[in-house]
Structures are given as structure tokens and as C-alpha cells.
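S.K.: As given, the protein sequences belong to chains P and C, one line each in that order. Mapping the first sequence onto the numbering used here, position 52 (from 1) lands on 108, and the numbers just tick up by one. Mapping the second sequence onto the numbering used here, position 128 (from 1) lands on 1162, and the numbers just tick up by one.
To be clear, the hints were calculated from the coordinates, so they are not data collected in a lab. These numbers come from a predicted model, not from an experiment. Be a bit skeptical, because a hint or two may be false.
Said to hold, decoys possible - Which residues of chain P face chain C? A partial, calculated answer using Cβ under 8 Å: (1) 91; (2) 98; (3) 99; (4) 101; (5) 209; (6) 216.
Glycine included, every Cβ here is placed at the ideal spot set by N, Cα and C.
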Amino acid sequence: MPIYSLDNAAYTQRVHANGRPPDQQFDPADRLFRRYPKKYLINGMPVPIAMQALQFDQNSGMSVNWSRYSEPQDVLEPDCCEGNHRHDCVVLAFAVSEVPPEVATVDEIDGAFRFLPKHSPRIACHAHSEIWCNRSGDIGQPFERPPKHVRDEFRSRLAVPIQARTPLSFEPVAD
Amino acid sequence: MAYLAPQQLATFEEAERRRHPAIFGEAPSSELLGPQRQEFMYLRELVESSRGSQYVGLEQAYFELRDQLTLLNGVGENWDTYNAPAPSPDSIGAAGRALDILRGLNAQPSGIVPSAEGGVGICFIRGQAYAHIEFLNDSSVYGMMYAPGKGPQNWQLGAASADSIQETWNRIRAYLQP
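Isolated chain C, as found in the complex:
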């Protein structure tokens, strides 16, 4: 029976490692890692798979937009330093309902700001093209859009109903396309 000297054994193991990388490179099983690590693994996979997901990206954008809308409750008179009125609770509520409708339509607003005319604006910016839906304190609703090479358009919406918001979004979406 032939025995390998320690130096020869090391060489043999190295050769085996190269021949069977999957066996020698095997990671510890999840059982060996323990339950806590397994949870981290799942979480990491979840985060990885959500990265680049349009649904998750849109949800995150709407979380931020709702935060922006909520902050408007704290906006006072003269917020623009030129005596602009504060947005009323009614205009903030109307913009919030419109935001829910827009979420259902997969629209992605760029931001929510107070209107200098007294109210709330949901803004859309795509490159140099711009549009907004404006919910005024007197309950009237207006749309506005402009883009290079296209004439500016502004109009009054009949109401802040779901149909009206959907129709407005369709109009804005078509206009914002390059």
C-alpha cells in the first residue's frame, strides 16, 4: 500500500480542488447558518429582486408624494414671500383623491407643491416638458402644460371626479411624450 507524503497529499488536494470546484467551493447550508441568517438571506434576495421593479419604484414614489402632500397641511399664508394664500384642507383633500386615481393609472408625478393662487399642484416634468393639475381653494381644478415646439395649453376641468382626472392624465401623458 502506497502512502503519500504530506507534501504530495497537499498537491493531491489542490489538484482535486481544481477538478471539483463545486464540491470544494460549497457554501454552508442554511441549517448551518441558523434561522437568523436565513431571514437575512431572504431579505437580501427580496431587495435584490425588487431592485428595478417598476411596481416597487412607483410605490416608493407615491410614498414620497403623499409625504409632500401631508406637509402642505403645515404651509401658512405668504409661503412664497409674495402673499400667496395657504392651501386649504379641501384643496389638499382633492389633490389626495386625485393622487389615488393617478396611482391606479400608473402615472408618475414629479412633485406636489402649493399653488401661488391658493391650492395644491400635482406637477409632471419630462425633460423640458411640463404639466400640472391645480386644485384651487375655491374647488375649481385647472390643467396646464407646455413643451418646446408645442403651444402652451391650459384648461379648466369640469370637476375633480375620477373620469375627469383620468381624461386629464391621458391628455397630459400624450402631450409629454417626446
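Chain P extracted, bound-state conformation:
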């Protein structure tokens, strides 16, 4: 049951997969949404050190919600949070075009890791997507975890457009 949207057919059609297939046609102007803990804003601003940057799982990218199938507040819904309530988070938004397309490595000649969005829908959260990373730049190829200096440059470059916008706050809708 949604918390930040009315519980109606429009919500269900938008958020749930409803048998829709994955869609990899990202537009550069499309937005990606991500949760951020409210208490770790500094002077009202998110900081890159508290933003995940492709570092945990060896085989998955950075989770986001894709605006083609999502309103910003949907990323806070239990449907998109594995059933959890996320009252303590704000929503960060950035455009697909603001994702750094590649970051060069320092220890290889012409070496680089490439980043691009990949639609990875879930039954209860069709908008779920990931920022995929590997050397080939092909989302069909396995995810590759970049080294620390690449992760840091990626998150510092992504943080600039994110910090330029005020994080989005949402209140539960009244029944």
C-alpha cells in the first residue's frame, strides 16, 4: 500500500510491472531517483561520501528509479524498498545525461570503465534500474567493479549536478 501517493489504479499501473518487459531506451533527459538519509545532509546538501558508488556487490550496479516509470516519491515506497518504510530519507534526482559516461583508470594505458543505465525491473517496482559498469560499455556484459580511484572520480563527478539541486522531501498523503 503506497504511503506517498494515493492508493489507486494510477499508482498500481505506474509502479508495478504488470507484465511489462524491460525497456532499455533511456533518453538523456530522463531522470533517475535515489534515496539519501536525511540526517546525513550537511547544510542541507547531500555529500558524495555518503552516496554508494558501485562498491558492494560484485555483480550489480547502483540502484535508481527511472522517471519514465516513476514519480520521485515512488523510490520511498515499500514497493520499491523491499517492503521497508523510508520516512527518514530524501530523494536525490539527476539526469541520465549527468551520469559520467566513463572514467579512465590510472594504471592502464587507455583503460577506462564505462557507466550506463540499465533497466532492471522488479515485479513491485517496474522503474528499478541500475547504473551498470564494465569496460566494454555493453549492458549485456557482466558488471565489473571499478577500482577505488575510479569509484571516487565517478561519485565526485555525479555529486556536482546532484548538489546543485535541493533534495526532494515528501510527506505521507492523507487517506
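Fit chain C to the known structure of chain P by using the hints.
M.R.: Structure of chain C alone, referenced to chain P:
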């Protein structure tokens, strides 16, 4: 002998009050006010003189930063809702020692937050410029900074030693200057 009528006396006193404002406007002595009031007076003067003091401002900022660091002991796994590891006691300890060194250098961090990579970050924000020192759970230490018109920089510190933190702060301070 001439006597002044009551109305004339009032006029005379008013005239005297205007002629000698310091005498007629004298405040009660501290003895008359009593010991308790005297303490309040000293306290008020102390607060007034500390207002605007860089030293006191920095001390207050560091009290708050140490509180933020202490609170990280209670941060659990998945604190960012994307499975981030909790900061380890070692990384919190390393950040605390660095904070003491930074206090000695009169550096003013903007905040302390957990690192999404597992650890603790000491952050510096000046306008649109940003920097942090990151103390990871595996004991490695990293610096990062970026600002409009300047290329982002990130590097690994040799260790969390006093020299290394001082060198890093010098680098960050120079970068954050407009």
C-alpha cells in the same frame, strides 16, 4: 534666605538632572546589587566578549563534530538503505584522532558522516567547493575534492599519521580557497 516653592524645586532638580546626567543616571553599585547579581554581570560580560571569538566558535564547532562522531558508534548495517556497511570502531577511532590533529591546525570541517564504502568521512564544504577525508574500515585513508572550474582530485593517504593529516589539510585548504 530664599526658599524655593515645591514647583520651583522640581524644575531645579530637572535642570540639575540635565546638567549632570552621569550623576543622576548612576547605576547601583555591585555591592548594592548583591553577590548573585555580580556573578550574572560577569557571566553576561563573558558571553558578550566570547561572541565573535574565533577560538570559542571553533571550540563549539568541534564539540558538535565530536558528537557527530560519537553517534556513528550507533550506526548499523544498511544505514543508507542500499546495504552500506556500518563504520567500524577502528575507523571511528582513526577519524577521532584526525579530528584532534585538525583542531590543532584550526581547520573547520563542515560535518562527519558515515562512508557508503564502510568507514567515516570528515567533510569540508566552502560554497560550491567540497572535500573529504575518508577513513575506511580496512584502515586505508583517502582524500577527495572538487570545485567548479577545478578538476576533481582523489588520492590515497600513506597513513592516518599526524604528518599525513596535516599535509592533506594543507592540500584541501589550498584547493577550497576561491
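S.K.: For every hint, state whether the structure bears it out.
M.R.: Right, here's what the structure says about each hint:
Taking 8 Å as the C-beta contact cut-off toward chain C, the hint placing residue 91 (chain P) at the interface holds, the least distance being around 5 Å. A cut of 8 Å between beta carbons decides the hint on residue 98 (chain P): the least distance to chain C is about 4 Å, and the hint holds. Taking 8 Å as the C-beta contact cut-off toward chain C, the hint placing residue 99 (chain P) at the interface holds, the least distance being around 6 Å. Here the hint on residue 101 (chain P) is kept, as its CB sits about 7 Å from the closest CB of chain C, short of 8 Å.
Against a cut-off of 8 Å between C-beta atoms, the interface hint on residue 209 (chain P) holds, since the closest Cβ of chain C lies about 6 Å away. Contact between residue 216 (chain P) and chain C, as hinted, is supported at the beta carbon level, the nearest pair being about 7 Å apart and thus within 8 Å.
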